[in-house]
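Protein sequences, first through last, are from chains R and D.
Mapping of the first sequence onto the numbering used here: residues 151 to 633, in sequence order.
Mapping of the second sequence onto the numbering used here: residues 951 to 1121, in sequence order.
A couple of the hints might just be wrong.
What the hints assert, rightly or not - Okay, the calculated beta carbon distance ranges per label pair: (1) D:L1059 - R:F159: 44 to 54 angstroms; (2) R:A610 - D:N1081: 58 to 68 angstroms; (3) D:F1019 - R:T597: 42 to 52 angstroms.
I should point out that these hints are in silico values taken from the structure, not numbers from a laboratory.
Backbone N, C-alpha and C fix where the C-beta goes; we use that ideal spot for every residue, glycine too.
Now for the letters of each chain:
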Amino acid sequence: MELNKLDLFSIRLIAPEIILISIALILILLDLVIKRKETIAFVGVLGTLTAAYVNYKLCAMGWTGSTLLGMFAFDGYANFFKLIFYINIILTIFISLRYMVLEEASFGEYYSLILFATSGMMFMASAVDLIVLYVGLELMALSTYILVGITRRQVRSNEAALKYFFLGAFSSAFLLYGISLTYGLTGTTNLKEIASALQNLNLLENPILFLGMILVIAAFGFKIALVPFHMWAPDAYEGAPTSITSFMSIGPKAAAFAALGRVLFDAFGPMHVQWSSILIPLSVITMAAGNIIAIAQTNIKRMLAYSSIAHAGYALLGIIAGTHGGLSSMMNYMAIYAFMNIGAFAVVIMLRSKGFRGEELTDYEGLAKSHPAASALMLIFMFSLTGIPPTAGFIAKFYIFMEAINAGYTPLVIIAVIFSAISAFFYLRVVMYMYMKEPKAHVTLSTSPAIFLTIAVTAAVTLILGLFPSLLVELAKMSIAGF
Amino acid sequence: MLPELFFAYFAVTITGLSILVITRKNPVHSVLWMLVLFIHIAALYVFLNAEFLAAVQIIVYAGAILVLFLFVIMLLNLRKEEIEQKFQKQWPLGMLAGTLFILFFVIILNKFAVFPAPGEYSIQAIQGEGNIMVIGKVLYTEYLLPFEIASLVLLVAIIGAVVLAKKKISE
């Protein structure tokens, strides 16, 4: 079947995106007539499940390749990331239900914007043309800026949104400049055609193309929050509503990793030596700064922000390796990170109750005495984020380190392991506070069936993938085949 | 020779105007310099045989967006802005980075001489078919997907403006 044509057949392959966008539009209209925002959230979850099902069906028919005149790739690589995005939407909506009412910002638009942001991420993961990549990134970014500032009565939320917006706009300029330099030299924005132009026009050593590539990497560095492009992250993560902090520590990060992986492998593949020489120092300082600054934090959201920066540094090893195995271990890492991070944020959200923020580390003192179950689950997530077996976090790190060693980056892996050991200090400090300190004040948990379900699912997946890693690893390997 | 002179004039003037825009104390003056800047950019489009883009640049940017800028400036009381220092303390650092960037470009200037295969829309092809027609054709076939996503970006911007500025917070 000819895929590279603009017809109904090729449009069918963006059906999941179309469904998600339609549901997002419907949610805005429903907001006008439905008073109970839980109903709107439910429609959103249902729509996401439909999109995921259609996506699965399309996968099952076994089509891969680019479509819509070479703009959009429907392949295993993109579909794996889309799976992460669907899980991210559903779990984010679950943890938002009660929390957004507490924050007095439970709007229909909130759920709609989550879907819009995710459709942007899906376009990014599927983009095989730099133009689609850019507009997808803008769709994702613009929706996320609004979500960060949606609790607009809080000054810190406004500040977070503004900072994120300015630095995001700045990074878009980098991306566009990089794209225009690349386009000027190669005469195309299609990733595969860029790769062939690199060979045909003898551009591999061209410093201008190198500059263009650096600018593209810097722009994605902003979105992934690599040091030195991470300045926005702690403030934005702290000021945003906690459910959105969880959403944006996974979605935009995974989308930017997906796009970065595709651009570097597909378009700049022959320049592996050059781009890995940029990414290696970035990855080292990201792991160093993320893990070391996290030690000094007293606010758990800020601590998790630095932890998220550090995890980006580890995941980058998969791309640096420059092999398909490395790429699949990066995908594996993002999926596991999604589960353990949403789980940790869900516990943070539970501590929030009327008139009590519950974001300081000291709020966790003696939690094990008053709420043993919640503490035990938090323990699992913290162990997993540290990378202690038998949790999934260990598996994620193990595979990414293994692939990096296979590709010959042993010193880099040694550095990563050292920083990983340092990270145990601030993750396990939360555990120490919960189990070894006397409770200071009485903490009431804001539970709801949805948040209970989220924590149960994320904790179960974190443990199951820790014990049976092949489930996910095989899926990632299968997805990458033919990339 | 003439095209080079033409381009040189616009390139130098655009750079100068950009500097004027960011250094004026009075924001209204900045916006007015920006108007002149946009008109010069439109001229560059004409230079590239893209008359339609030039017209759009004038109508949308110089016409609509600048008027919005002026509205916002007049709605906000920016008297304080005029007294306060215009730049942050770090501006020499930014200047240094910019200068290094320019130097880098000057050094590698000859590397720009790469000639990728020309696309199907040569100047002759565009002139034969008409500027607007070609843009329309490309936009609604080859670039349909990014075009539609761009419309979503605009929609999200509208939703965002409404949510952040107008939405009533009620129980």
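Each hint tested on the structure:
1. D:L1059 - R:F159: 44 to 54 angstroms: holds (47 angstroms)
2. R:A610 - D:N1081: 58 to 68 angstroms: Between A610 (chain R) and N1081 (chain D), where Cβ atoms are some 60 angstroms apart, the hint holds.
3. D:F1019 - R:T597: 42 to 52 angstroms: With a Cβ separation near 49 angstroms, F1019 (chain D) and T597 (chain R) satisfy 42 to 52 angstroms, so the hint holds.
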